[in-house]
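Following the hints, put chain F in place on chain B, whose structure we already have.
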Amino acid sequence: MLMRRVFTRPQKGRIFWQRLLDEIQGLGIESIGIVAFISAFMGAVVAIQTAYNIDNPFIPLTMVGWTTRQSIILEFSPTIISLILAGKVGSRIASEIGTMRVTEQIDALEIMGVNSANYLIFPKVVASVLINPVLIVLSMWMGILGGWLAMGLTGLSTTTDYINGIRIDFQMYIVFYALLKTLFFAFIISTIAGFYGYRTNGGALEVGQASTKAVVVSSILIIIFNLILTQLLLT
Amino acid sequence: MIEAKEINKFFGDHHVLKDISCEFEKGKTNLIIGQSGSGKTVLMKCLVGLYEVDTGIITYDNRNFSTMNFEQRKNLRQEIGMLFQGGALFDYMTVEQNVMFPLDMFTKQTKKEKLDRVNFVLERVNLENVNKLMPSELSGGMRKRVAIARAISMNPQYLFCDEPNSGLDPQTSGVIDQLIKEITVEYKITTIVNTHDMNSVLSIGDNVAFIYNGELWWKGNKETILHTSNKELNEFVFGTELTSRLKK
Chain B
1 MLMRRVFTRP QKGRIFWQRL LDEIQGLGIE SIGIVAFISA FMGAVVAIQT AYNIDNPFIP
61 LTMVGWTTRQ SIILEFSPTI ISLILAGKVG SRIASEIGTM RVTEQIDALE IMGVNSANYL
121 IFPKVVASVL INPVLIVLSM WMGILGGWLA MGLTGLSTTT DYINGIRIDF QMYIVFYALL
181 KTLFFAFIIS TIAGFYGYRT NGGALEVGQA STKAVVVSSI LIIIFNLILT QLLLT
Chain F
236 MIEAKEINKF FGDHHVLKDI SCEFEKGKTN LIIGQSGSGK TVLMKCLVGL YEVDTGIITY
296 DNRNFSTMNF EQRKNLRQEI GMLFQGGALF DYMTVEQNVM FPLDMFTKQT KKEKLDRVNF
356 VLERVNLENV NKLMPSELSG GMRKRVAIAR AISMNPQYLF CDEPNSGLDP QTSGVIDQLI
416 KEITVEYKIT TIVNTHDMNS VLSIGDNVAF IYNGELWWKG NKETILHTSN KELNEFVFGT
476 ELTSRLKK
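Residue numbers (my numbering), protein chains in the order written: chain B, 1 to 235; chain F, 236 to 483.
Worth flagging that the hints you see were computed from the coordinates, not collected in a lab.
We put the beta carbon where it would ideally sit given N, CA and C, even for glycine.
A portion of the hints provided could be inaccurate.
[To be verified] Partial pick of chain B residues on the chain F-facing surface, computed with a CB cut under 7 Å:
| # | residue |
| --- | --- |
| 1 | Q18 |
| 2 | R19 |
| 3 | Q105 |
| 4 | D107 |
| 5 | A108 |
| 6 | M112 |
| 7 | G113 |
[Said to hold, decoys possible] Derived pair list, reagent style DSSO-like, types lysine-lysine, alpha-carbon separation capped at 27 Å:
| # | chain 1 | residue 1 | chain 2 | residue 2 |
| --- | --- | --- | --- | --- |
| 8 | F | K346 | B | K12 |
| 9 | B | K213 | B | K88 |
| 10 | F | K457 | F | K261 |
| 11 | F | K309 | F | K346 |
| 12 | F | K349 | F | K309 |
| 13 | F | K349 | B | K12 |
| 14 | F | K343 | F | K367 |
| 15 | F | K349 | F | K240 |
| 16 | F | K309 | F | K280 |
| 17 | F | K253 | F | K240 |
| 18 | B | K12 | F | K309 |
| 19 | F | K483 | F | K253 |
| 20 | F | K240 | F | K457 |
| 21 | B | K12 | F | K367 |
| 22 | B | K12 | F | K347 |
| 23 | F | K240 | F | K483 |
| 24 | F | K240 | F | K261 |
| 25 | F | K343 | B | K12 |
Bound conformation, chain B alone:
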């Protein structure tokens, strides 16, 4: 019922575009720092752990780059970063809309004749679906870059081996698979958070509870859909 009100044509196109840009800024651009930071360090850790675990002289050091690339692109960037975004962006959406509910700002929109569900939630969903893939691609780059930096600093592998490794048997399909998962996860994060925020009733305590529920439920759904999509797309 709520989602039917969300996914309707915006009442005023110009205002929708303005809100969309604001949401891309708030939900996406402001997440670049944390995404880049976590990805670079995780990439470094994956590369170091892989390098330390290769003690068989028959396994070439190019495996470090290959393993880092596969781990980052297949799982870490789309799933783990989406879980992190579920926490950061999901709680932001739920608490923002929840606070608007308890301070009667949503009632004010309704009284004016504005479809508040569409006005508040739709730009966030569109912004998430548009910007999250960009964040995930950034995360992939940063993860692989982090691995390369770690190899350079520790001397566990050479730049040549690492770069050769990340080039071995590269299939564009794994990026497509990762981005498709990201789209699903972005949709889950924004709609679940919007739903819990919009349904908030009460005061500050309930806003906190809505925010927590949004993060927990969207995280669980991300994990479940990760399994389903992996089964569907990689088999």
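For chain F alone, coordinates are given in the frame of chain B:
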């Protein structure tokens, strides 16, 4: 004129509004008074459609609000302005953007026309040089005045005010009351004010409806309210130390 006929509202088993029928006249400030929890806010929310009534009819100048679909209500709501208890200003917008919001959403005016209208209504509520301030930078009284400015920016035919004086000192409350009264007369609006502030009742109560335990218990005006023999209303009116001393 707004008419409510035999309105009933339940929350689960709790009968909140019981067969309420009343009329709210145009060009007058119509007050709904009652103790906290008596049902006056629920009544107001039913009148504007934020809650659906279980039975009964609400009409706006003979237009049946109760049977309107979403689109029809949306159109009617452009004739409604509402002042909420806390102001309900949009936190992420400046004062100017808040007041301009309904104009942006529902008119095709140019930027200059909208800005002129914003400045006009802000001046009307005695606010100047606040256009670029955020709601968090305003005092309680100023927030209420900005909310009034936003409510009247579209030239509404109906103005609803939910406890406009809550959280304000008596002097600022008086200013807000007078502003509501002036706007009502000036623009010939049907104004409905929810309050339990007796100062408001005595200064702007052209029509007063007293709600008690979800029932319309008494109807009158600011002149007759002090001379009623209605026991529950007397307890409400003279319930404070100040008013009981004045009565003595």
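Here's how the hints hold up against the structure:
Contact between Q18 (chain B) and chain F, as hinted, is not supported at the beta carbon level, the nearest pair being about 9 Å apart and thus beyond 7 Å. A distance limit of 7 Å between C-beta atoms decides the matter here; for R19 (chain B) the minimum to chain F is near 10 Å, and the interface restraint is violated. For Q105 (chain B), the suggested interface contact is upheld, since its CB lies about 5 Å from the closest CB of chain F, less than 7 Å. For D107 (chain B), the interface hint holds, since its Cβ comes within 7 Å of a Cβ in chain F; the closest pair sits about 6 Å apart.
Interface restraint check: A108 (chain B) against chain F, minimum CB-CB distance 4 Å, threshold 7 Å, status holds. At about 5 Å, the closest approach between the beta carbon of M112 (chain B) and any beta carbon in chain F falls short of 7 Å, and the interface hint on this residue holds. For G113 (chain B), the suggested interface contact is upheld, since its CB lies about 4 Å from the closest CB of chain F, less than 7 Å. Between K346 (chain F) and K12 (chain B) the CA atoms are separated by roughly 15 Å; this keeps the pair inside 27 Å, and the hint holds.
Straight-line distance between C-alpha atoms of K213 (chain B) and K88 (chain B) comes to about 13 Å, which keeps the hinted pair within the 27 Å bound. A distance of roughly 17 Å separates the Cα atoms of K457 (chain F) and K261 (chain F); the hinted pair therefore holds under the 27 Å criterion. In summary, the hint linking K309 (chain F) to K346 (chain F) is supported, as the alpha carbons are separated by about 24 Å, within the 27 Å threshold. Simply put, K349 (chain F) and K309 (chain F) have alpha-carbon atoms about 21 Å apart, close enough for the 27 Å limit, and the pair holds.
Taken as a hint, the K349 (chain F) and K12 (chain B) pair is honoured in the structure, with Cα atoms around 16 Å apart against an allowance of 27 Å. Of the supplied pair hints, the one linking K343 (chain F) and K367 (chain F) holds, its CA atoms being roughly 23 Å apart against a limit of 27 Å. Between K349 (chain F) and K240 (chain F) the CA atoms are separated by roughly 38 Å; this puts the pair beyond 27 Å, and the hint is violated. A C-alpha spacing of about 15 Å is found between K309 (chain F) and K280 (chain F), which places the hinted pair at or below 27 Å, so the restraint holds.
About 11 Å separates the Cα atoms of K253 (chain F) and K240 (chain F), which keeps this hinted pair within 27 Å; it holds. Distance hint between K12 (chain B) and K309 (chain F) is fulfilled; the C-alpha atoms sit about 14 Å from each other, no more than 27 Å. Restraint check for K483 (chain F) and K253 (chain F): not satisfied, since their Cα atoms lie roughly 34 Å apart, outside the 27 Å limit. A C-alpha spacing of about 23 Å is found between K240 (chain F) and K457 (chain F), which places the hinted pair at or below 27 Å, so the restraint holds.
Of the pairs offered as hints, the one joining K12 (chain B) and K367 (chain F) holds, with about 24 Å between alpha carbons and a cut-off of 27 Å not exceeded. About 19 Å separates the Cα atoms of K12 (chain B) and K347 (chain F), which keeps this hinted pair within 27 Å; it holds. For the proposed pair K240 (chain F) and K483 (chain F), the alpha carbon gap of about 38 Å is over 27 Å, so the pair is violated. For the proposed pair K240 (chain F) and K261 (chain F), the alpha carbon gap of about 17 Å is at most 27 Å, so the pair holds.
Taking the CA atoms of K343 (chain F) and K12 (chain B), the gap is near 10 Å; set against the 27 Å cutoff, the hint holds.
Hint compliance for this structure: hints 1, 2, 15, 19 and 23 are broken, all remaining hints hold.
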